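Each chain, letter by letter, is given below.
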Amino acid sequence: MNEQDTTHPGSEVAPPSEHGTAVRLDQGHVVGDGGLPERFTNPGLPAHVARMADLDESAARRAEKQVATLFGISILGTLAFIVCYFAISLETTIFVPGIGETSASNFALGVTMALGLLGIGFGAVHWAKTLMPDEEVVEERHPMRASDESRQQVVETLKEGGASSQITRRPMIKYTLGGALGLFALPLVLQVAGSLGPMPQKSNSKTFWNGGPSGPGQDPTFKPLRLMRDPENTPIKAEDVTIGSVFHVMPEGLLPDPVTGTGGTPNLLEEKAKAAVLLMRLDENIIKSQKQRDWGYDGIVAYSKICTHVGCPVGLYEQQTHHLLCPCHQSTFDVTQDAKVIFGPAKRALPQLQITVDGEGYLVSAAPFHEAVGPSFWERGR
Amino acid sequence: MSTDTTARPADALREGDTPAQAPPSGAARRIGGLAGWVDDRTGAAKPVGYLMKKVFPDHWSFMLGEIAMYSMIICLLTGAFLTFWFIPSAGQTVYDGSFVPLRGVSMSEAYASTLNISFDIKGGLIIRQIHHWAALMFIVALVVHMFRVFFTGAFRKPREINWVIGSVLALLAIIEGFAGYSLPDDLLSGTGLRAMAGFVQTAPVIGSYLVFAIFGGPFPGEMIIPRLYSAHILLIPAILIGLFTAHIGLVFVQKHTQFPGPGRTNENVVGYPVMPVYAAKAGGFFFIVFGIIAMMAATVQINPVWAYGPYDPSPVTAGSQPDWYMGFADGALRLLPGWLEVTAFGFTLSLNIMPGALILLPAVYLLLGAYPFVERWVTGDTREHHLLQRPRNAPVRTGIGMAAITAYSVLLFASGNDIMAIKLGMSINDLTQFFRIGFFVLPPIMFWVTKRICLSLQRRDRDTVLHGRETGTIVRTPDGRFFERHETSTELTPEQWILVQHEPVAPIEIEPNVDENGVERKAHRKDRRRARWSRFYFADAVNPVTPAELAAAQHHGAEHEAIEPSASGGARSIESSSTGEAAAAAEVESGEPAGRH
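Protein sequence lines correspond, in order, to chains A and B. Every letter in the first sequence is one number past the one before it in this note's numbering, and letter 173, counting from 1, is 173. Count along the second sequence from 1, then add 1000; that gives the number in this note's numbering.
These are computed hints drawn from the structure, not numbers from a lab. Please read all numbers here as calculations on a predicted model, not as lab measurements. Built from N, CA and C at the ideal position, the CB exists for glycine as well. Please note that the accuracy of each hint is not assured.
Label pairs and their calculated CB-CB ranges [claimed, not checked]:
1) G1097(B) with T234(A): 25 to 33 Å
2) L1076(B) with P171(A): 43 to 51 Å
3) V189(A) with L1076(B): 28 to 36 Å
In silico DSS-like cross-links for lysine-lysine, where the CA-CA straight-line distance does not exceed 30 Å [as the list claims (entries may be wrong)]:
4) K65(A) with K1053(B)
5) K1423(B) with K340(A)
6) K1255(B) with K129(A)
7) K1053(B) with K129(A)
8) K237(A) with K223(A)
With the sequences and hints as input, model every part of the structure.
Structural data, given as structure tokens:
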């Protein structure tokens, strides 16, 4: 095998022990005590067993017909695909047992294409198995490593090349070349890393509830915003919120008109991703936190809908227990305990939005969120 | 000139010479002419001739890598088709295609064009479904191929480089998959991107900047779809194809490994040449894989994006799940408890998210890529290995592999805890707790069980060689005892070669701590550590039967015979008899458990 082969401690060869001296297959067999070899000898390739088709011409002809049938199925499948492509309209549906009502075009095109492919595949494999030679061939292996001379030659060439280029004798070239090669990629890295996106600034800690658009560089000043139904974009009166009901809420001015699709904030999805709020009414007596009661209105409380784990919308509200569950990773928040985490991977409670009612009896925000909504980030406490 | 009157071919030197070959047909001459034209200009005949004669060994498990390769090619083919219709833009548009429920809805152009591919392009849906199924098949086949390579020790020298390349390919494949299924910009994939933004945001110090860099501003922005598109159809495929070419090229250069068997040695390859057998089988198999995927695409719906609706950051669908290969990372996020998040000096470190979201993925593939080097350090084995190992003959490695698969599976199942809770009517909290504990408890149990099974199978192999095959014939002795007759032979039969072909192993011994002058050796502690690991791997090794042991077993007749090599202490003993007449039987006693060295 390899030239570098020596017996290594712990290699997969038994050390000299009660078994005698270690022997490997490639080293031939040492006759040990009692005239027996240390290892069994490889019995060599078994004799070739001829197949039916090798011995019997009629079996071979049968195999030929089978292969030809499979290739024929492929031809038919391909032709059927072409017919189906033109004949079946995209609107047609058919009932297929086991699948149900499905697109006729998709089903027919897929099945005919599959027949066209499988016919070739099974035909070729069957051909190889029945008619092509099945006698195994032996090919020798050689060690991967190049010969010592070749290795030596590479080293010599490198050395000579280095010497003839004079790099070893001229350190100024060596060091400046190293420096230049070490630095040349920096402009490319800087360009891509520097220009991919803007700095977030404080925008992760602000939402539309701060008074308006809250992207990077925007600094809205607070004004009370009505709580609007999503997607109807209509304000909510306190008496509309009955116990057990839950409203998906966006701040006034964020959503476009649901009919005309006009208006709303320019960066709609970006603002929605931070401003989404859930509005619920609880019996005031079961609310355990005084702050929660104070920030709500008559048992109506508003919480950020964005999970404090990785930011999925907290979509499931359990009316009986007043638990909110995030469907992504099952963080569970208890609304009777100021939406604190009672199970799952989130750490922080959902931030509460302080609300009140305006002169017309509509629910409005009384203050922006007091902390960053959504998933954690390094500087969120700053 | 010859006076012979009978015609002689021009190339025959003597009378009676027959032409060496029948003259080629016109078609063959034309092909030959074209090949000759190419060869005149490239000299390709030599390498092509070499490749066509190359021998590949046959085994069903060698087709796993082929399935992965073919699925990848199918992805490339169908993916190129999809680019003709897909619009990689997050710009908003109002849908007016033929899917009635979404008409008039405002959505991104990416989502609208995906709907068009599904409903308005003839055959578009079948191409899309083939693309998605082939991607899933690609990663399944790749993972199972990796299991095969791991459990048979095919990663050993000289194939460590290819193992590392394969690990990188596996990691790239799942990133490619994630980028791909995020492109349609439907509610489900958008929720996945939302979670991804949340993961990235937890990176210490630079998290929120990173999110803004990836999304080109605040989430979701309009940059992410074109950027994912560039990554999905250009950057990652380019690296995938480059690495894949190196992967397959190394297989050609190093020649494929083979399973041990009569006539198969570490110095040869036994199998079928490329022309014609392997070409027909492998080529045919491509069509079979493609055909099966096409059949799946025709009959089994995958990723019905029209049912989810366009992405909007405020709604969500229950049972949100990533594609299966991202499941383990998602499962880890479900299991990590919230109290791991720490805050100090106003800075937040989300240890409840980072390990699953940012560390797990690279860590898994780093450990994977490092394994051959760890094992090589333990065994100190520097030889080339071209013969595969039966998994039972490497019990500790097999155990480690099974433990790793168990840990992975716990995470994968954990990512379906909500579905399980609903389908099985169980508490999601109990399930989560079970998985949390299971992640730590189940892998060691699996390791132990696997190792014991491997050792038992090895002992059974020894038993088969030493005491013959159980015939199922029960013999009753005159004094009333029952025996099962074993078929024995004094010579090893060719079928039994597989049971004795592997190399005996033993843990390394610690060399003396002090040299002859009484000076402590420097490498002493390192050696001790290595010896400890070597003991962990090889201490209770069951080695193959030697000719001497077989001779002894045959010779001693009815005497007690150890299945274990002689060194083992309280070895399970089997009473056996030789080919004698009356007591031609063996009685298996319920002996003590096998002794450990």
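Results for each hint:
{"no.": "1", "hint": "G1097(B) with T234(A): 25 to 33 Å", "in the structure": "holds, 30 Å"}
{"no.": "2", "hint": "L1076(B) with P171(A): 43 to 51 Å", "in the structure": "holds, 49 Å"}
{"no.": "3", "hint": "V189(A) with L1076(B): 28 to 36 Å", "in the structure": "holds, 30 Å"}
{"no.": "4", "hint": "K65(A) with K1053(B)", "in the structure": "holds, 28 Å"}
{"no.": "5", "hint": "K1423(B) with K340(A)", "in the structure": "holds, 28 Å"}
{"no.": "6", "hint": "K1255(B) with K129(A)", "in the structure": "holds, 23 Å"}
{"no.": "7", "hint": "K1053(B) with K129(A)", "in the structure": "holds, 18 Å"}
{"no.": "8", "hint": "K237(A) with K223(A)", "in the structure": "holds, 19 Å"}
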